[in-house]
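Peer 1: Listed below, chain by chain, are the residues.
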Amino acid sequence: DAGVIQSPRHEVTEMGQEVTLRCKPISGHNSLFWYRQTMMRGLELLIYFNNNVPIDDSGMPEDRFSAKMPNASFSTLKIQPSEPRDSAVYFCASSLSAGGRTDTQYFGPGTRLTVL
Amino acid sequence: AQSVSQHNHHVILSEAASLELGCNYSYGGTVNLFWYVQYPGQHLQLLLKYFSGDPLVKGIKGFEAEFIKSKFSFNLRKPSVQWSDTAEYFCAVIRGNAGNMLTFGGGTRLMVKP
Chain A
1 DAGVIQSPRH
11 EVTEMGQEVT
21 LRCKPISGHN
31 SLFWYRQTMM
41 RGLELLIYFN
51 NNVPIDDSGM
61 PEDRFSAKMP
71 NASFSTLKIQ
81 PSEPRDSAVY
91 FCASSLSAGG
101 RTDTQYFGPG
111 TRLTVL
Chain B
117 AQSVSQHNHH
127 VILSEAASLE
137 LGCNYSYGGT
147 VNLFWYVQYP
157 GQHLQLLLKY
167 FSGDPLVKGI
177 KGFEAEFIKS
187 KFSFNLRKPS
197 VQWSDTAEYF
207 CAVIRGNAGN
217 MLTFGGGTRL
227 MVKP
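Protein chains in written order, with the working numbering: chain A, 1 to 116; chain B, 117 to 230.
Hints are computed from structural coordinates only; laboratory data are not their basis.
Computed from a predicted model, the values in this text were never measured in an experiment.
Incorrect hints may have been included.
Beta-carbon label-pair distances, calculated as ranges [to be verified]:
(1) B:E180 x A:R64: 38 to 46 Å
(2) B:Q158 x A:E18: 42 to 50 Å
(3) A:D63 x B:P156: 17 to 25 Å
(4) B:V127 x A:E44: 18 to 26 Å
(5) A:N52 x B:D170: 19 to 27 Å
(6) B:P156 x A:R41: 44 to 52 Å
(7) B:R225 x A:H10: 16 to 24 Å
(8) A:S73 x B:L162: 30 to 38 Å
(9) B:Y155 x A:K68: 25 to 33 Å
(10) A:P81 x B:P195: 45 to 53 Å
(11) B:S168 x A:M15: 43 to 51 Å
(12) B:Y155 x A:D57: 28 to 36 Å
(13) A:T76 x B:P156: 36 to 44 Å
(14) B:S168 x A:N52: 37 to 45 Å
Even for Gly, the Cβ is constructed at its ideal location relative to N, Cα and C.
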């Protein structure tokens, strides 16, 4: 099992540029989560998809952030335009939920984003 | 709103010392509870989880946690830590009616001195 795959692992960009982070969940999982980790705020849930549909995006900081899940095996998190305060590690996680039963979330290696 | 509290932000121990990291949550209904570990520069890995049944849960690497419903707590323990346990530990909770949404505590950084 390849686990959750994220790309790129590191991204350095300049303020104002568009940034796209990518995630491939574990095959067969139907829930996908995007988290942001910073020293100041810890781990924050940004958005959560179930069966490719966004269920809760209340954690998305502002309109500059958007996420999509066009199919069960791929999701993107886009920041446009990026700002220095967006610098963080962005984690993607996936899990299998069936019949309302909660299951463990498995995390990807993260993308370390630096916005200069 | 639900919150998860980890009161110890930094813990320093010597090898072979016993460890207990506190975790409290504020939701009174059904919960699912998790401890994740993040080794330096790595992603979060599941240590153990509690969904139901025996409130004493055993996880990987000799860790265990006890769910005490009356205290809203899910403390993590290990009888004898090793230098390789140096990491950040996160408690996380899913409310019974919150789908799959994890709420994380602020984390506890553990440093084990050799």
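Peer 1: Against the structure shown, which of the earlier numbered hints fail to hold, in ascending order?
Peer 2: 2, 3, 5, 6, 8, 13, 14
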